[in-house]
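J.: Protein sequences, first through last, are from chains A and B.
Per our numbering, the very first residue in the first sequence carries number 1; after that it's consecutive.
Per our numbering, the very first residue in the second sequence carries number 1; after that it's consecutive.
Be aware that one or more of the hints could be misleading.
No farther apart than 27 Å at their CA atoms in a straight line, the calculated lysine-lysine pairs in the DSSO-like style are these [stated by the list, open to error]:
| id | chain 1 | residue 1 | chain 2 | residue 2 |
| --- | --- | --- | --- | --- |
| 1 | B | Lys203 | B | Lys19 |
| 2 | B | Lys91 | B | Lys66 |
| 3 | B | Lys201 | A | Lys134 |
| 4 | B | Lys218 | A | Lys85 |
| 5 | B | Lys320 | B | Lys203 |
| 6 | A | Lys85 | B | Lys201 |
Derived from the structure by calculation, the hints contain no laboratory data.
Every value quoted in this text rests on a predicted model; they were computed, and no experiment measured them.
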Amino acid sequence: MLPAITADKLTKRFGDFTAVNQITFEVRKGEIFGFLGANGAGKTTAIRMLNGLSRPTAGQASVAGFDVYRHAEKIKRRIGYMSQKFSLYEDLTVRENIQFYGGIYGLPLDEIRRQMKQLVAGLGMEPYARSLVKSLPLGWRQKLAFSIAIMHRPEIVFLDEPTGGVDPITRRQFWEMIYKAADEGMTVFVTTHYMDEAEYCGRVSIMVDGRIAALDTPHALKAQFHAASMNEVFLNLTRPGRHQS
Amino acid sequence: MRTVLFIVRKEFVQIFRHKVMLPLIFLMPIIQLVILAHAADYEVRNINLHIVDHDLSQYSRRLAGKFQASGNFILTGSSFSSQAAFDEIQKGDADLFLDIPAGFQRSLLRESRAGLQLSVDAVNGVKAGLANAYATAIIQDFNEEVRSELAGPGAGKPSLAIASSNWFNPELNYFTFMVPGILVLLVTLVGMFLSGMNIVKEKEIGTIEQINVTPIRKYQFIIGKLLPFWIIANAELAIGLTVGWLIFDIPFVGSLWLVFGFAAIYLLVVLGMGLFISTVTETQQQAMFIAWFFLIIFILMSGLFTPIESMPPWAQQITKFNPVAYFVEVMRMVLLKGSGLMDIKRHILVMGGYALAVNGLAVWNYRKRS
Numbered sequence: 001m002l003p004a005i006t007a008d009k010l011t012k013r014f015g016d017f018t019a020v021n022q023i024t025f026e027v028r029k030g031e032i033f034g035f036l037g038a039n040g041a042g043k044t045t046a047i048r049m050l051n052g053l054s055r056p057t058a059g060q061a062s063v064a065g066f067d068v069y070r071h072a073e074k075i076k077r078r079i080g081y082m083s084q085k086f087s088l089y090e091d092l093t094v095r096e097n098i099q100f101y102g103g104i105y106g107l108p109l110d111e112i113r114r115q116m117k118q119l120v121a122g123l124g125m126e127p128y129a130r131s132l133v134k135s136l137p138l139g140w141r142q143k144l145a146f147s148i149a150i151m152h153r154p155e156i157v158f159l160d161e162p163t164g165g166v167d168p169i170t171r172r173q174f175w176e177m178i179y180k181a182a183d184e185g186m187t188v189f190v191t192t193h194y195m196d197e198a199e200y201c202g203r204v205s206i207m208v209d210g211r212i213a214a215l216d217t218p219h220a221l222k223a224q225f226h227a228a229s230m231n232e233v234f235l236n237l238t239r240p241g242r243h244q245s
Numbered sequence: 001m002r003t004v005l006f007i008v009r010k011e012f013v014q015i016f017r018h019k020v021m022l023p024l025i026f027l028m029p030i031i032q033l034v035i036l037a038h039a040a041d042y043e044v045r046n047i048n049l050h051i052v053d054h055d056l057s058q059y060s061r062r063l064a065g066k067f068q069a070s071g072n073f074i075l076t077g078s079s080f081s082s083q084a085a086f087d088e089i090q091k092g093d094a095d096l097f098l099d100i101p102a103g104f105q106r107s108l109l110r111e112s113r114a115g116l117q118l119s120v121d122a123v124n125g126v127k128a129g130l131a132n133a134y135a136t137a138i139i140q141d142f143n144e145e146v147r148s149e150l151a152g153p154g155a156g157k158p159s160l161a162i163a164s165s166n167w168f169n170p171e172l173n174y175f176t177f178m179v180p181g182i183l184v185l186l187v188t189l190v191g192m193f194l195s196g197m198n199i200v201k202e203k204e205i206g207t208i209e210q211i212n213v214t215p216i217r218k219y220q221f222i223i224g225k226l227l228p229f230w231i232i233a234n235a236e237l238a239i240g241l242t243v244g245w246l247i248f249d250i251p252f253v254g255s256l257w258l259v260f261g262f263a264a265i266y267l268l269v270v271l272g273m274g275l276f277i278s279t280v281t282e283t284q285q286q287a288m289f290i291a292w293f294f295l296i297i298f299i300l301m302s303g304l305f306t307p308i309e310s311m312p313p314w315a316q317q318i319t320k321f322n323p324v325a326y327f328v329e330v331m332r333m334v335l336l337k338g339s340g341l342m343d344i345k346r347h348i349l350v351m352g353g354y355a356l357a358v359n360g361l362a363v364w365n366y367r368k369r370s
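Turn these sequences into a full structure, and let the hints steer you where they fit.
T.: Shown next, in the form of structure tokens:
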């Protein structure tokens, strides 16, 4: 089976600054792939190269079997993306956001209507369907944004710190949604700062200063670094002053 | 096409969701139209006149009386010294003074000639020029009267009299002249700002990223952004013309279809420029400054406030790239003169080319990937 994502020495430079430095990895189909790293390690830049928002400086990558240089627009049909910045229109209602994104992904009208019902019910948001998104609490908005990002049934969904600033209960619910999507065969590529969430991932890569410093299952990583938790693994790798030996 | 409609719907919902937008887009320009139409009047009335009458004769009083009766001048003072009159001008209490020398009547009667001195405050060149012209006309008129009285009726050399008739705006009504032009400016302002702020606003709040990861085509996005403002600006033009017709009695000599047909192309140019500005800037503030830069040039060089013919040749060349100048001219030609399609053929072709170029540029410069 073809991998969902491959990256081979993928690099992005901004002037003299190398944000992403020759990263190489593969994400399997249907996998929940955790993409960890400190702030500024290059996670968002890497995601933006994969989803077609940013042109790589060097290296190769393919997403859903398409080359990121030549077929960015074909990739876009097959992926969903939830950015770090809040991505819904705050001055539109829940319904209007669903209609709009469903519409520009080209879903048929009855399909949009069907999904609208299902999505709003699934989130328990019926009373708020006609409320402006800006009036919703952050956790709800993030869950809504995720549901909308996968409305067009993408093969792969990229989530850039989807649970930042969200309370633990909502984070738990959010991960249930991620698992449900993965069960349906969707590949999930997720960045996070929460180490408990790293434990939920199938495999985890940890980025340090633009490079991938480690990549394996949480279990194997803990064994490799003789650590009791992912938190320790992460600190071990990213602690300032640490250099690869 | 369907994708475009989804964007159009979203834009309309967003524009009118904010309660201030409706009055902002429709009411404010109409208020401006009504106010500006009254303000932008070239006729200079109320010129403050100071008379220095050293002669105090029958003729000198008659001349002063003619000035007052003209309606353009207000006699704000009189004195017997030129110095006093000069001081009045210095203080700004008088715009010009007329100095009638002693012996004015006597030399007029004896020698059939007499001198007068007219001093005009020329800080405001336009006003001074007009004041001078009005004053000269009054003096000439006075001259004619006196001559014919002295020589007796039917005598004297026949002189060449010029009788002018003003076509298309027979009463030299400034509303007729200005309102269509002001309307063009208002529609342009609203259109350019709405479109100029739009894409850049999505950049600021970050939603543009979410659009850019969708398979949407660049042209679909630009058309979807263009169409709502195009509809709004056309509606605005229709309302403005109605106001012009109801309040200002603007004649609709030519075809309204032609006006709206031209407006349809013209608005593509203005909105395309706005969207292009929106694609090159990063914040709404930047977009605002750039939009103003162009608007000021477009407006002041549109031929609305100063005739293009009186500009230096290089400036006239610049106005050839000014869409506002074209629309102002077309409005006046069609509404006041009744010009037809063939008369504005050149304007249509230029605007059409312009629209293609500007919108092409906007599509080209809109980047889904950085």
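J.: Could you check the structure against the hints above and give me the numbers of any it violates, in ascending order?
T.: Violated hint (a single one): 5; every other hint is consistent with the structure.
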